[in-house]
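Chemist: Take a look at the letters that make up each chain.
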Amino acid sequence: MIKVSNLQHSYTNDNNYAVKDINFEIAEGEIFGFLGPSGSGKSTVQNIMTGLLPLQKGDVLYNGESLKNVSSSFYNQIGVSFEHPNLYSKLTAYENLLYFAGLFDVPTEDPLKLLDMVGLRDSAKKKTANFSKGMKQRLVFARALINKPKILFLDEPTSGLDPATANKVKEIIYQKKREGCTIFLTTHNMVAADELCDRVAFLYNGTIVAMDSPRNLKLEFGQKSILVEYRCDGEIKSKIFSLSNKEELKDFNEILSNQDVETIHTQEATLEQIFIKLTGRGLE
Amino acid sequence: MGKKLSALVKQNLTLCFRNSLIWVVLISMIIIVLFVNFLVPREYETTGENYYLDLTSGRSIETHLKELGMSSSSFMSDLEELEGLVSESSNAVGVVFTGEKEMPSVEVLYNFHIGPEQKNIINVSINKLVGTINDTWQDDINISFLRDQALPTPRHLATVPVLLVFEVLILGFLLVAVFLFQEKGDNVIRAYRVTPGGTHLYILSKVVTFLLLGFVYAFGILIFTYGVNLNIFNFIILTFLGFILYTLLGLIVAVFFEDISGWFIVGIVLLTLNMIPAISHQLPSFAPSFITWVPSYHIIFGYDEILFPTGKNLNPLFASLLVQNIVAYISCYLLVNKKIIKGVF
Numbered sequence: 001m002i003k004v005s006n007l008q009h010s011y012t013n014d015n016n017y018a019v020k021d022i023n024f025e026i027a028e029g030e031i032f033g034f035l036g037p038s039g040s041g042k043s044t045v046q047n048i049m050t051g052l053l054p055l056q057k058g059d060v061l062y063n064g065e066s067l068k069n070v071s072s073s074f075y076n077q078i079g080v081s082f083e084h085p086n087l088y089s090k091l092t093a094y095e096n097l098l099y100f101a102g103l104f105d106v107p108t109e110d111p112l113k114l115l116d117m118v119g120l121r122d123s124a125k126k127k128t129a130n131f132s133k134g135m136k137q138r139l140v141f142a143r144a145l146i147n148k149p150k151i152l153f154l155d156e157p158t159s160g161l162d163p164a165t166a167n168k169v170k171e172i173i174y175q176k177k178r179e180g181c182t183i184f185l186t187t188h189n190m191v192a193a194d195e196l197c198d199r200v201a202f203l204y205n206g207t208i209v210a211m212d213s214p215r216n217l218k219l220e221f222g223q224k225s226i227l228v229e230y231r232c233d234g235e236i237k238s239k240i241f242s243l244s245n246k247e248e249l250k251d252f253n254e255i256l257s258n259q260d261v262e263t264i265h266t267q268e269a270t271l272e273q274i275f276i277k278l279t280g281r282g283l284e
Numbered sequence: 001m002g003k004k005l006s007a008l009v010k011q012n013l014t015l016c017f018r019n020s021l022i023w024v025v026l027i028s029m030i031i032i033v034l035f036v037n038f039l040v041p042r043e044y045e046t047t048g049e050n051y052y053l054d055l056t057s058g059r060s061i062e063t064h065l066k067e068l069g070m071s072s073s074s075f076m077s078d079l080e081e082l083e084g085l086v087s088e089s090s091n092a093v094g095v096v097f098t099g100e101k102e103m104p105s106v107e108v109l110y111n112f113h114i115g116p117e118q119k120n121i122i123n124v125s126i127n128k129l130v131g132t133i134n135d136t137w138q139d140d141i142n143i144s145f146l147r148d149q150a151l152p153t154p155r156h157l158a159t160v161p162v163l164l165v166f167e168v169l170i171l172g173f174l175l176v177a178v179f180l181f182q183e184k185g186d187n188v189i190r191a192y193r194v195t196p197g198g199t200h201l202y203i204l205s206k207v208v209t210f211l212l213l214g215f216v217y218a219f220g221i222l223i224f225t226y227g228v229n230l231n232i233f234n235f236i237i238l239t240f241l242g243f244i245l246y247t248l249l250g251l252i253v254a255v256f257f258e259d260i261s262g263w264f265i266v267g268i269v270l271l272t273l274n275m276i277p278a279i280s281h282q283l284p285s286f287a288p289s290f291i292t293w294v295p296s297y298h299i300i301f302g303y304d305e306i307l308f309p310t311g312k313n314l315n316p317l318f319a320s321l322l323v324q325n326i327v328a329y330i331s332c333y334l335l336v337n338k339k340i341i342k343g344v345f
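Respectively, the protein sequence lines represent chains A and B. Heads up, the first sequence is in our numbering, so the first residue is 1 and it goes up one at a time. Heads up, the second sequence is in our numbering, so the first residue is 1 and it goes up one at a time.
The shape of chain B in the complex, shown without the other chains:
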C-alpha cells in the first residue's frame, strides 16, 4: 500500500505542478500575505470623530480634558464652527457644554441616525467624562474574568482565520474536482481500474497529495502574516482534519459531474454557502442554528482560538471533526467506488 500510495502521490504532485491552477494558488498566497501585512490597518477607529465646545465659565472643562490628553483640534471656539463641522461629516458628533463645570448642561449635535442604545452609550460616556473631571465618577460594577484576559486582536491578523478556512481549506475541495475531471477527460480511470489499485488507494492518494499542498499553503500564509508564535500542534491538527474533510467533500460532490462546466454552478453555490460563517466571525452575535451546521463555522472559530487564545478547549472540536471525517470518508468511498471505480467505463 505504501509503495503504491507513494507512486500515486508523486504522480499527482507532478500533475499539480503542470496544472496552471497551482500557480494561481501560489500567486493568491502572495497576494494574501501582502493584503494582510500592508493593506489591512493594524488598528482602525470604529467610532466617528468627536468635537467639543466648552461654553462654561473659564472653559474649565476644555482645560481639564486637554490635561487628560485630548487633542486641541477636538475643541471648537464657537457654535457656528461646531455646527459646520458636524453638518459636513457623516459620522461626527458635537458636544456643547454650558453652565457650570460641576453640573454642566450638555447638548449633543449629530448628523446621522442614532439609535436608543447609542444614545445611552453617549449619555454614560458624558456622565463619566464630567464625573472624571469633577472627581465624582465611581465605577460601581465589578468585573471578574473566569479565564485570563485575551490580548486585543490586531485588526489585520483577525483576517487570518478567515483566509485559512476560505482560501486554504477549500483548496482541497477545488483541486480534487479539477483532478477528477482531468482524469475523466484523459480517460485514465479505465487504465487504473485494471491495476490492483482499488478505491481506498485512489481516495487516499488524492487526500495525501492535496494535504501536502494544503500544509504548504497554510504555513505559507501563517508564517508570513502571523508568525509561528502559536500552538503549532493544534494548528497542524485543525488544518489536517479540516483539509481532509474539505477534500473528501469535494470528491463527494465532483463524482456526480462529468466535467468542470457541469460542476461549476453547484460548486460555486456550495462554496458560497460555506462562506456564510465568515459573517458570524465578524459579528459573533449572528449565529442562527443552521450556520453551525456548515463545517467552516466551527473551524474558523477553532483557528481564532489557536491564533488568539482565550483558554478554550479545542478537543471537542477536534473530536467532532474526526467524526465528520469518518462519515465523509465512508460516504466518499461508497460514491467513488460506485460512480468512478466501478462506474467509469
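Isolated chain A (complex conformation):
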C-alpha cells in the first residue's frame, strides 16, 4: 500500500538532515504508529508523505506510484489531521466541514454525522474561535474524515483530549481500520500507540531505531516473568517468578494456593520503557 524508502530531508538544504534513511512499508488496512519525542522527525516524515514538504531524497510509493508523479486527485484519497488545530476561526464547526467537503471530487460524509461522531453536534453552529483546544482537535480530526479517505494521516489525534473523548476518537480510528482504511499515526503517546497500532516504529534523531508490532517489541525487550505481591504474617511481600523456569512456576502455584495474593503483574516492558532502553531518553 505505502512504501517509504531511503527518505532523507534537510530543512537547510545541506547535510544536516532532519530525517535520514527512513524505510518502512504499511499494508492496506494497517495502523502504523510513528513514535518519537518532539523534534525527532515524525511530523517531517508525515509532511513529506502528504506532499506538504518536497521530496528531496528517497521515495514514497502509494500502490507502487511515486508521490512525485501523483496528481492532485491523490488528495481525494487521503485525510490529514494536524497536531496544531488549523480552522477558520470565524466559521462555525459545521461551516468548516461543509466548505472543506466542497473541495473534493469524491462523495463526502455528512458534516453533521461527523460532528456527532466526535461529540460536537451541539456545537455545530458555534464559531470555532470559541472552541477549546480539545474541541478544535476533534473538529480537525473530523475534517480529516470528510472525504471518506482510504489513507489517514493522524498527528497526535488524542492530544489534549480527556480520557472519555480520547476513547471515542480511538473507537473511530478502529472503525476506519475495520472499513479498510490505512492509518499512519504520529504520536509521542505510547499508551495510545500500544492500544491502537498494529506496528510501530521508534524514531529518534531522524532515524528509525526499532520497528515491529507492540507485542513483539514488548516480548523482545521485556522479561517473561510475573511479579506477585502477597500478604504473609501480616506483611506484604513480593516475588518475581520466571515463566520459563518450571521450579519457579511451581513456587508461584504454591503461593497462589496458600497465600493471600493481592496483586499479580506480568513484567513485560511498556513501549516507553523500550524506547528509553533504546535511546537513553524519554518521550516528552
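Treat each hint with caution, since some may be false.
[Unchecked claim] A few chain B positions that, by computed beta-carbon distances, are all more than 10 Å from chain A:
#, residue
1, 55
2, 96
3, 122
4, 127
5, 224
6, 231
7, 236
8, 257
9, 323
10, 335
[Claimed, not checked] No more than 16 Å apart at the CA atoms, straight line, and that leaves these computed lysine to aspartate or glutamate pairs for EDC-like:
#, chain 1, residue 1, chain 2, residue 2
11, B, 4, A, 105
12, A, 133, B, 186
13, B, 101, B, 67
14, A, 168, A, 156
15, B, 3, A, 105
16, A, 127, B, 186
17, A, 90, B, 186
18, A, 239, A, 262
Hints listed in this document are in silico derivations from the structure and should not be mistaken for laboratory results. Where a beta carbon is used, it is the ideal one built from N, C-alpha and C, also for glycine.
Got chain A sorted already, so can you dock chain B onto it with the hints?
Modeler: Chain B in isolation, oriented as in the chain A frame:
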C-alpha cells in the same frame, strides 16, 4: 472545478460578512453617496466676483449691461466704494469705465496676483463686452467639432469616476490582503494544501468573491449618484477588468508579507501612488509619462468616458486591461504557488 469554486466562494462570502471590514465598506458607500449628492455643489463659480463703475456720460455702459442681464449689485456708484470692495475681497476684480461709450478707457483694479495669461483674458473679455454694447464685436474664429459636443459635466458627478477607481477597485486590493493574512493567522492554508484544490482554484475563488462584492459596491455608488442612464455594458466590462486587475495586484503584493502590520506601510504607499492619476483627472494637462504607467490612470478616464461620453472608442483600453490582467494572473499564479501553496508550512 465549478463545484469547488462555488464552495470556496460561499466560504469566502461567509467570511466577508463576518469581517468588520465589510461593514466599513458599506458605511463608506453610504457616505460617498451622501457626499456626492449633498455635499458637492452641482455647479460652482471658478472665477471671482466682478464689480463695475461706469463713469461714462449718462452711465450708458451700465444701462446696456443691465439690459444684457447683469445684476444691479455688480455696479458701484463711486470709486471709493469699488476700491473698498476690491481691497476687502481676495478674488474680486473692479472695472472702471471712463470717457465715451463708443471708445471707453478701462481701468482694472485687483487685489491679488494676476499672470499675463489672465491679463490677456481680461483684456479680451472687456473688448468683447464693449464691442457687444456697441454692436461692433465680431467672432472671426470658426470652431468645428469633430465629435458631437459633450454636455457640460455636473460638478458633483465629476467625482464619480474618481470614487469608482479609488474606492471600489482598490477594494479587491485591500480585501485580498486581509483575507490572506486571516488565513495565515488561522493556519488554514496547510489544510487547503492537502485537498485537490490547487493554486488556480485558490486565486479564482478570491477573485470571484471580491468581484461580486465589487460589483455590488460599484453599482451601489453608480445607481445612487449618477443613475443608470449610461452604457451599462462598457461599465460592466471596465469594472470587471479593473477589479480583477487590482485583486491580482493585491495578492501579488500580499504574498510577500506574513501579517497586516508588515504589509501596511508598503500597501499604503502603493495605494497612494495609485491615486496620483486623480490629479490628472482634475488637471488633464498634468500627465507626465510615468503617470500613464499607473493602472488607475487609464481606468479613471475610461469611467469618465462611460459616464460623460465624448465618442471615444474604449476598445483599446479594454484590450490593454485584458493584457495587463493576463500578465498579472501569470505573475500571481507563480507567486501564490511558490509562496503560499507550496511555501506556507
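Chemist: Are the hints correct? Go through all of them and say.
Modeler: These are the hints, each one checked on the structure:
{"no.": "1", "hint": "55", "verdict": "78 Å, holds"}
{"no.": "2", "hint": "96", "verdict": "72 Å, holds"}
{"no.": "3", "hint": "122", "verdict": "64 Å, holds"}
{"no.": "4", "hint": "127", "verdict": "70 Å, holds"}
{"no.": "5", "hint": "224", "verdict": "30 Å, holds"}
{"no.": "6", "hint": "231", "verdict": "37 Å, holds"}
{"no.": "7", "hint": "236", "verdict": "28 Å, holds"}
{"no.": "8", "hint": "257", "verdict": "19 Å, holds"}
{"no.": "9", "hint": "323", "verdict": "29 Å, holds"}
{"no.": "10", "hint": "335", "verdict": "18 Å, holds"}
{"no.": "11", "hint": "4(B) to 105(A)", "verdict": "8 Å, holds"}
{"no.": "12", "hint": "133(A) to 186(B)", "verdict": "13 Å, holds"}
{"no.": "13", "hint": "101(B) to 67(B)", "verdict": "15 Å, holds"}
{"no.": "14", "hint": "168(A) to 156(A)", "verdict": "14 Å, holds"}
{"no.": "15", "hint": "3(B) to 105(A)", "verdict": "9 Å, holds"}
{"no.": "16", "hint": "127(A) to 186(B)", "verdict": "13 Å, holds"}
{"no.": "17", "hint": "90(A) to 186(B)", "verdict": "9 Å, holds"}
{"no.": "18", "hint": "239(A) to 262(A)", "verdict": "12 Å, holds"}
Hint violations for this structure: none, all hints satisfied.
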